[in-house]
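Engineer: What follows is each chain in one-letter form.
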Amino acid sequence: MDIKFIFKLALKNLRFRFLRTLLTLSGIAIGVSAIIFLSAFTFGLEKLVTNSLGGGEAFKYLDVGTGNSQIVKINDETVDKVKGLQNVSAVGKSVSVPAKMSFEEKIADVSFYGTSAAYLNFSETKLAYGKTLTQEGSGEILVSSAVLKIIGGLSENIGKKIKFDLVIPKELADSEKELTVAGQEFEIAGIVSDETAPKIYANSEVLTNLGLKNYSQLKVKLLEKENVALTRKLIENMGLKTQYVGDTVSEIESVFGIFRLILISFGLLALVVAVLGMFNTLTISLMERIREVALLKVFGISKRDLKRIFWVEASMFGTLGGLLGIFLGVMFGAIANSILNFYALRAGGEQVALFYYPIVFVLLIFISSFVVGFLTGLYPARKAVKVDVLEVLRYE
Amino acid sequence: MAEKSRKKIISAKGLVKFFYVGQKAIEAVRGVDLEVFEGDLMVIFGPSGCGKSTLLNILTGLERPSQGFCKINGKDIYSFEQDAQGKFRGQFFGIIHQRSYWVQSLNVLQNVALPLIVNGLSEKVSVERAREILEILKISGLSYQSPGHLSGGEQQKASCARALVTDPEILIADEPTGNLDTTSADALVGIIESLNRGWGKTVVMVTHNPSYREIGNRQVFMRDGRIVKEEDQSWI
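Read top to bottom, the protein sequences are chains P and R.
Numbered continuously in my numbering, the first sequence closes out at residue 504.
Numbered continuously in my numbering, the second sequence closes out at residue 246.
Just chain P, with the same shape it has in the complex:
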């Protein structure tokens, strides 16, 4: 029997019982749309969180520290060793010491970072005004915008000078006691967007010139993120500790995976009810069309063709329901996103995409709808083949 005709017949049968078809399709569509909507929400949230960690570029960086070790130090020799490793493109160093800031009449405690332009660049530190640190500018500093709250003003502070009393802890100076250096004056070269705490960034040479020997942290830029495991192992073999954004992302993914599973289960419940509805529709449809089935058997329809009629019809339910469900899921997602963004914007937040539809996931849902539809048609198809023509004709 011509497969094109089987498709045509299936479509005509669906159209012939339009209201029932519509109700059955709606059931499947609601189940599928619930899964799409809920999972897209978790995918969207996961993406937002992952992106906030630095997006794709963040996977090219390794944070290196000493952990709680008092023995392992990060000094220039360590930096050179790390730089010499395969797959390492650049190394940025950073150390933080406590300092007292004096500006005009104002005095405050701040964190004084000895770092480099490379490190700031790797950390995606955002410069609001002025220019970043240069190798030559040893008398220049960057201040966080939180510092401006203390000293007042905005970009007009660029070029102004601030005095610091610096304390270099003994473990960073490799000395018997901490080093205190008073009255160090620096010129503000730029302002960094960071409201969290008053921070000062200067070239690390400023601190090494004052007796600093060790750094607290390195940021290692990798050539290829694929070889991160090997590079980490080599660094950790030096006794150092590493942190990688991928670890955090994996944790986030597993947390969201569980969250998604819970939400999808709700959607699945709706889908199971819909599938039972579809099964019911197909079984009732067989009972209603039992005379048609008997007729086709009198005409000599093969078992395979008879099964195909029911398979195609059931698969159409699944496929059309799946398509409709995906469309509805995306539409509901767009509406929910607009509503949430409307309130977020009104509250002074940023516009974000809360729903994300990975194409592979959507395809998987679509294929699953088709498969579920097909499987639902197996039983009525088998029953149709077993229809006793004479039973039907005698009954009539």
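Hints listed in this document are in silico derivations from the structure and should not be mistaken for laboratory results.
Mixed in with the good hints, there may be bad ones.
As the list claims (entries may be wrong) - So, partial list: chain R residues that the calculated Cβ filter (under 8 Å) puts toward chain P:
(1) P57
(2) L72
(3) S76
(4) Q77
(5) Q92
(6) G96
(7) G100
(8) H107
(9) S115
(10) V128
(11) N129
(12) E133
(13) V137
Cβ atoms here follow ideal geometry from the backbone N, Cα and C, with glycine treated the same way.
Assemble the complex: chain P is given as a structure, and chain R must be docked to it using the hints.
Structural biologist: This is chain R only, laid out in the frame that chain P set:
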């Protein structure tokens, strides 16, 4: 003498069919011998429940006999595997039932074409052939109507067209006028008769209506599952 010169299409011998109702066996057909020749218009006549329809079902491969054999064109239809038996039936027999059955989602034209489509022909060719048959039977006006909307007489005419669309060797009509008013019944019997007389189509018709008995060149009388009398006017 006449029988020897004509091709034997159906040959049945010693047909017995019993059904069980609980433990009790009820014999619907009791030792029937029957031969149908090419060009016959055989009317099987008898009261309701005498086993006429069961006999037809055995002849068309729908009901396996409890005893005896039935050969169609020399082939034992019950030796075929289910699909092959169905295909053979679909090509060899055109069947008109007492009541018309339809695929409700298809129109009359598509329904008439259905036996050809089921047997593997393309929809286009099948529909063309169906259109021709509907024109020959002068009911092409019904082509695009839903079969459920037709009168009983129209349905049986369309059913007749569907039975003929495969150009079967033999047309089987099982109480075709059973649900029709006299006018529609006469018209349908007229068509069946003309198919035999004009086209030479072999017909086996079952009826309990005595007024249609006379159209058969062979009249078979059944009672209580047996053939009690046969009148053969083929020689005329």
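Engineer: Hint by hint, say whether it matches the structure.
Structural biologist: Going through the hints against the structure:
no., hint, verdict
1, P57, "violated, 18 Å"
2, L72, "holds, 6 Å"
3, S76, "violated, 14 Å"
4, Q77, "violated, 18 Å"
5, Q92, "holds, 7 Å"
6, G96, "holds, 4 Å"
7, G100, "holds, 3 Å"
8, H107, "holds, 7 Å"
9, S115, "holds, 4 Å"
10, V128, "holds, 4 Å"
11, N129, "holds, 6 Å"
12, E133, "holds, 5 Å"
13, V137, "violated, 10 Å"
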